[in-house]
Amino acid sequence: MKQLLRIDNYDLSLRMNGENIRVISSADLFVSEGEIVGLIGESGCGKSMLWKSLLGLADPQKWICSGELRLMGNPMDLSDRAALTEARGNQVSVILQDPMNAFDQLFTIERHFIETARAHVQWSKGEILKKATSLMRRLYIREPEKVLKMYPFQCSGGMLQRIMIALALMLDPPLLIADEPTTSVDVTVQREIVAMLKEVNRDRNTGILYISHDLKIIEDLADRVYVMYAGYLVESFPVSALQERKVFHPYTVKLLQSRPSYTKAYLPVLEGNPPSLLDRQAGCPFAPRCPKAVDACRSYDMHVYEIGNQHIVRCLRWEDENEPAQN
Amino acid sequence: MKRYLIKQLLLILPTLLIVTIISFAMIRLMPADAVDVYLVTHHLEKNEKNIAVAKERFGLDEPVPVQYLHWLKDIIHLDFGKTYSTNQAVAPMLGKALVKTLQLAAASAIWIVVVTPVLGIGAAAKPEGAMDRLTRIYCLCGTAIPTFVLGFILIRLFSVNWKLLPAIPDGSAVSLILPSFTLSLSHIAYFVQMLRNEMLENRGEMFVLYARARGLHEKRIFWSHLLKNSVQPLVNTMGISIGGLIAGTVIVENVFSWPGLGRLITKAILSRDYPVIQGYILIVAVTYICANTISDLMSAIVDPRIRLGKGDVS
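First to last, the protein sequences are chains W and P.
Sequential numbering of the first sequence, starting at 1, is according to my numbering.
Sequential numbering of the second sequence, starting at 1, is according to my numbering.
Pulled out of the complex, with its shape left as it was, chain W reads as follows (with noise of 0.2 Å):
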């Protein structure tokens, strides 16, 4: 299967008072044709990083980045803003949380989409508002032809987020990138976009990158799912591990733990908080609240296993706990 995006060995810095501060460490990832992927983490951990900077959306006066880009198969230069720029919304195409401030308030829904496509393409007015709304139509937005002469504050927070899903795929990019599109809407909404992701997925073989922080609907919507984890890309595995309970690193397990079960048990809590990273230490971001480390954990780096079927643990544990068990 082709792959839409591949990263090696990414890193991601900020520069701050003259100093480098890791922020994504060595990311391995990619995205294959019609595979949905999850990329799951708690908030600040660097998932928006990683794809506002891989799309040239970070200030390159404050982020350095470098690694192995490789976009629809062609190796890409992190530098090339110009190429980066073309790819966005051609290419690749992304869907972000919190519409109502997204879209410009002084534009209507018109203009969104006729600027996106003169970046891109040669079509007329007449072919852009066409294609407008056929796929508003198909994303249920009732009387498009009237919501495109509207203005994005006289939408609501769902409408906006079909419109942008709308906008997304107006010049049919094999790659979509969701940045927690549900955060913003209620619970109905959000139903109602994960189910639309899954039919475009379907319906144009579109590779999704779905970012949330909300397991429950990568467990639904992925297939295959990243974790992150204070900028290391901590665990790795197809969806099926999740529902099998098959996860090894500690931070998975506990994400798992840590999810409503609707029962009377009380729900167990992940004690304290992602590192800060101006304070981050030598060895495994995760062992000052892992119930697993040991000493080695925290002056070692983690190493990375592959534990399977598109399985990767990058954890020093897993070695002790599964040597054993294999021989």
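Since the hints were derived computationally from the structure, they do not count as laboratory data.
Check each hint, because a few of them may be wrong.
Cut-off 25 Å, straight-line C-alpha distance, at most; resulting in silico cross-link-like pairs (SDA-like, lysine to any residue) [as the list claims (entries may be wrong)]:
no.	chain 1	residue 1	chain 2	residue 2
1	W	Lys-125	P	Ser-224
2	W	Lys-292	W	Ala-265
3	W	Lys-149	P	Asn-87
Keeping the supplied structure of chain W fixed, place chain P upon it in accordance with the hints.
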């Protein structure tokens, strides 16, 4: 839009009425009695007869509300009474001075509208660049230098040393340059700073990120999304500023001997010419109201949220 326009225009009426009441009451509240002033300025003896004559002349023998209504009727007919000092009709005097002041204010407004975008956009295009630094120095000086100091410096340089521009009005458009520039300098500094800060602030907004994420080119985002969103608050402030241009000419007109409202009112205050002061207060109030209404309408043109009413799903 039509509904909004009518609403705004209807709102002017009560405001105007309140302004007339205040300006009428203010004169009655003055420490010096109008009758006394009249007698003193006309070198009349203070006796029963003269007081009665003066009272009748100002209509002071009637109850205050009736006085107000009489006065209001006169005002509506643009009759501001006669000056105490020279017994001339106030209205044509004010009218002539108003035209002069409007010329000055309009010339200043042109300076503002031309210079502000150049400096503001130039500074915001490259933060911390040379243009931005220079603009910042200008903004600091522009807001810090008092008008009269600047006016004299400009006269010294352009009129006395280099003999390029006239310092005293000779009726030509050229003689407008120095006073209008002096008047507009601090306004420009204020607007430039505001525009620059708005643009830099808006750069971090979600709509810019989303526009970038859709593959729009930086230039396009800058000139359409960023600029339009940043100009919007300026339009609002502009209204108040234009009112200020007209009311704030007192110093500039005195420095440049410009025969406008500012000079007229200075003279009127010094000679306690109440009808003139009253007329001036009214004119300034009306100017502010007009300027505010115009800026409201301009905001409505720029910002659909005002025009259509936010959250109005039609």
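The hints, checked one at a time:
Between Lys-125 of chain W and Ser-224 of chain P, the direct Cα distance comes to roughly 18 Å. Compliance with the 25 Å bound is thereby established for this hinted pair. For a cut-off of 25 Å, the pair hint linking Lys-292 of chain W to Ala-265 of chain W stands: about 23 Å separates their Cα positions. Taking the CA atoms of Lys-149 of chain W and Asn-87 of chain P, the gap is about 62 Å. The hint is violated against a cut of 25 Å.
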